Amino acid sequence: MAVYRQIYRGYTGALTPAWSRFSILYRYARRTLFQSKLLFGYFVACFIIPLVDLIVIYAMNNPTFLARLNIGLVIHINRGFFNSFLHYQCFMAFLFTAFAAPGLISPDLANGGLPLYLSRPFSRAEYLAGKFAVLFVLLSELTWIPGLLLFAVECSVGGAAWRADNLWLGPAIVAASLVWIVVLALLSLALSAWIKWRVVAGAALLGIYFFGAGLAGAVNAVLQTQNGSLLDFMELHLIVWRGLLRLPPPPLALENEAWIVLVVIAVASLALILRKIRPLEVVK
Amino acid sequence: MSTATAAVSPTVSASAGIVFDNVCKFYGEVLGVNRVNLTIPKGITSLVGPNGSGKTTLMNLMTGLIRPSRGRITVRGIPTDDPERLFAQVGYCTQFDSFPRGMTGREFITAYLRLFGRGADEAARLAQSAIDRVKLGEAADRRLAGYSKGMRQRIRLAQSLSHDPNVIILDEPLNGLDPLVRAESIALFQSLGAEGRHVILSSHVLHEVDAISDQVIMLSHGYVVAEGKIQEVRGEMREHPVLIRVGCNQPRRLAIEVLRQPQLLRAELIESAPGVASGLLVMTRDADAFYLDLNRIVASIPELEVTSVAPADDDAGSVYDYLVGRGQGAQS
Amino acid sequence: MPSPALAQITAVFRLEVRKSFFARRSLWVYLLALAPLLLFFGYTVQTRMESAQRQQLAAQNQKPLTAADFAAIHRGMSEAEVLSRLGPPPRRITFRQRRRDTHDNIVVDQNQWYRYSDGSTDYSIVIANGTVGRIRSNTAPSVNDLETTFAGIFQFFFLRLAVFFGCLGIFMNLFRGELLDKSLHFYFLAPLRRSRILAGKFLAGLAAAITIFCLSVALQLFTLARLTGNSLPHAASYIAITALACLGYGAVFLAAGLLFKNPVAPAAALLVWESLNPFLPALLKKFSVIYYLGQLSPVSVASGPGTSALFALLVSTPDPISPLAAILGLILLTALVLAYATRRVRTLEIDYSSE
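Residue numbers (this note's numbering), protein chains in the order written: chain D, 24 to 307; chain U, 61 to 392; chain V, -7 to 347.
Bear in mind the hints are in silico, worked out from the structure with no lab data behind them.
Quantities reported herein were computed from a predicted structural model and do not represent experimental measurements.
Cut-off 30 Å, straight-line C-alpha distance, at most; resulting in silico cross-link-like pairs (BS3-like, lysine-lysine):
(1) U:K102 - U:K289
(2) V:K174 - D:K60
(3) D:K219 - D:K299
(4) V:K174 - U:K195
(5) V:K174 - U:K209
Short derived list, chain V residues pointing at chain D, Cβ under 8 Å:
(6) R17
(7) Q38
(8) T141
(9) L160
(10) N254
Derived coverage of chain V by chain D (criterion: at least 3 residues anywhere in the stretch with Cβ under 8 Å from a Cβ of chain D; other residues may be distant):
(11) 23 to 31
(12) 144 to 154
(13) 259 to 269
Glycine residues also receive a C-beta, built at the ideal position from the N, C-alpha and C atoms.
Chain D with its partners taken away, still in its complex shape:
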């Protein structure tokens, strides 16, 4: 004979719908990231460039204001302007990623947290989507959303002619930003998954950016070529953006090659992430 005391009662409350379950990770990760005052301060500081650009757009469309300031400087609000905006804003977003992204996956792997996630009704894809969503949303807030706002402001103050000529620029800004966000997010998540220490993962991301740029310059200088630019993470995007923003191509445009390298980086990063995010642990 056995006596069983039935005291356990399973949870019977409402569940987050399966399709949006990944967003739980996003919500918690965002809250954790912004607990750091330094990171939050930097995130806010990233909006200085859009703010300055907003003032520039206002000033350049307001002759009275310019005349009152007595400044002879004329900045054309065109595809070059938005290219510069993306260049500087994406660099700021990169530094933000270098501090924010390494902590997304590496602590889960270092502390054995992954089995806890995957032992619940939560798939690998949902886990990855949740972590990706953190970077996707934050980087969107830093890049194409302010870019699109600036574009909208210029559309409203620049007149019908500007609007008619440059309507394609809005989607181009979004597309250029999305290329940056997707590649950067996948690369940084791959580093976070493969490097146990978040500090080292952050350093590796910075190293890829700065050392890659240096190596690209060295290759171009020594081998008298432009192909070295394919080693420069920022330059790859600048080449691609030139095409998307319909800027005149440089003498030796590497647009196709740049697209190929970016796709290779993204696919390789995804493969690395999927290889590491597994519901089992190999103990050596």
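With chain D fixed as given, assemble chains U and V onto it according to the hints.
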């Protein structure tokens, strides 16, 4: 009994013991330990208290791994910021379960001994001796990464003993050990204590330390709540009634007799099987009076046979519960 | 019989040197050291292939050509004129080039690329729409060219990035890595002064950094020497500068590893500080490693490849100081940083929970 605010015990000379002089440690705004005045003599001293009570903080303070926010600590007269002299005397087996990468157990101990400036041969000899002492001979040449939890615990213990220190500090040394190794380790600690060394160990499992400790230091929320021999500490706690267990053949009869005593608060039958009483648990305000009265009762009732009389609440767990209040006591 | 201090420092050194060379966390340092070597190896292969190609092209010319023949070719000249002066090119490539016209439409041009050689120089002439569009000449590099190229890469890539990040990896690992691994307490529980732990660790890191990077420089110079047939001048200077760079950056990153939980932020700040060095006032320049290394460089390179004219204007050239003063300055800077690190390590507490 001496409490956290009590003066340094005059019976132990400062240079012979481990002395905490009004020591406080804060981690930012978080209290580690506060106003600790202690002198730890030779023999086995146990630091007891639940997780977070300040045991490890106290051990880290006496080895200089952390520095006191206020106060001064000396170990056999040596300040803790003088590692050269301090660690010639002290061996510390920490709770940190991590090791330098890529080493075997033997290399781990030998490398540590070489840091003392000892030659290769002497380091190898001392390492072997320490390995033998913790009975890890077969695994000594295997990589540390492949060790079980118990083996990692033992190799850390071997390392802390390898240079033959006078003061041995062991943070939760019985964690992860199987019963056999546990018993061997306890015997080792007892032999070290018997050799006249300072053996300071921490545990949150109070009954474990009862058997081996010469004295205990009880900690709660960063404060020392009691120190000394456990029975003496219990004896000092006059505000708490004493529980005494009496084994006898007629517990019901004995209960009727003892309940006549005015100082007796409670008498409870101890059942060895349902409906079969084998003894009596009494709670009294005056133990001495109870013992005298028990003698009288036994003499007056010839058929009453008392087989055992023993205090039931002078173990570390009961004392700790009395001191810090039930519900927040350590496991016992 | 060595003194106890020396024996203890040697014991720390022995433990650390193995980690510094073979720590999995620092294996990428070898990639940094290998990158310029691969670059110069590629350069050697490329130069040799180009030289062979020049000879081949020159042999295929319809008539012997000299530099004077090519000097007569200029932009706007017709394709027929080029062919009459130089003859048919030994190599002709047709290629399409996209450009945008004034109405922002993409236009595809059908262009010709003629390649000639006089044996020592090869000439690329682009014929667009029947006229000469662009002329490029490419001569085999002289020893002087190689020296300048090497100096540029050495100063702007090798020292500022490869050695910088390499030292970051090696020296930050010495203390911060042990804190991450939760194994620093083993040193702190041994009867040796913490200053000796620091000395042993620093020397081990220095040995690894100097070996890896000086070997890299030596192999780079050897690769280029194989190309020219003669060794490049100032080889010893470059190796010595590399060793001094390891010393300076090593001390700075060792101290940073003791000071900061996350070394990424100080490393980025230091990288910016070192990069800004040419633009800093004279006094502030002295508080950087690159200032002293720049003073010691045997070949002066004004600015890195790709520096804009605006930035070039901002570059302030410091008063030159003697090599001895530069070496002493760097050693003094290192000593000051190490003294601070020693002070810091004496009060360092073991608290792995915050790592």
